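First to last, the protein sequences are chains H and R.
Each residue of the first sequence is one higher than the one before, counting from 1 in the working numbering.
Each residue of the second sequence is one higher than the one before, counting from 113 in the working numbering.
Keep in mind the hints are simulated off the structure, nothing from the lab.
Hints are supplied without guarantee of correctness; some may be wrong.
PhoX-like mimics (lysine-lysine), calculated; alpha carbons at most 25 angstroms apart, straight line [unchecked claim]: (1) R:K166 with R:K215; (2) R:K166 with H:K1; (3) R:K215 with H:K57.
No experiment lies behind these values; they were computed from the predicted model shown.
Given next are the chains, with one letter for each unit.
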Amino acid sequence: KAGVTQTPRYLIKTRGQQVTLSCSPISGHRSVSWYQQTPGQGLQFLFEYFSETQRNKGNFPGRFSGRQFSNSRSEMNVSTLELGDSALYLCASSSTGDETQYFGPGTRLLVL
Amino acid sequence: GIQVEQSPPDLILQEGANSTLRCNFSDSVNNLQWFHQNPWGQLINLFYIPSGTKQNGRLSATTVATERYSLLYISSSQTTDSGVYFCAVVETGGGADGLTFGKGTHLIIQP
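Working from the sequences, and respecting the hints, build out all of it.
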């Protein structure tokens, strides 16, 4: 089985712009979670989607949003980018009845 | 929310040495995973171990849920074991089911 894939792998944006990141889960996995990793805050949970519905949300401002499609692929969007949004964004998928989360390679976002 | 503490924060060993990494958590959990983050940033699953003991080759892990800690053992270390090791948990009955990560143990294996 192919693993979790994320696109793009690297991205450079400027303050005030918006960005959309994409995640394709492992085939058959219906849950997709997003995490942000920064040197200062470490790894933090953003949100989780299951069957096209946001099931859980971490403590992030409304500028961070996401969605999931019927094929379980997910996108996350960050609007009005700030310098502090520079981070590695990781996506993870899991299957029903299995709590194990499998991570993709991440998207490195640099905001200038 | 639940607190996760990992120790030691940094560990430098010679190739062939054994190591023990510790993860303490502040409340009961229904999910505990160990990950190895490689130099390119990808989190590699090592174990899903909310309780009990598991082994996979040179790696093994033990979680004592009643005492709220987990240990990751690496035997006969190789340079490829270098990287950051994370423990992550989901609190039992927690409102947000995302993983809560510790700050990691940065392991360097010298040849």
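Query raised in the report: So which of the earlier hints does this model not fit?
Result: As far as the earlier hints go, not one is violated by this structure.
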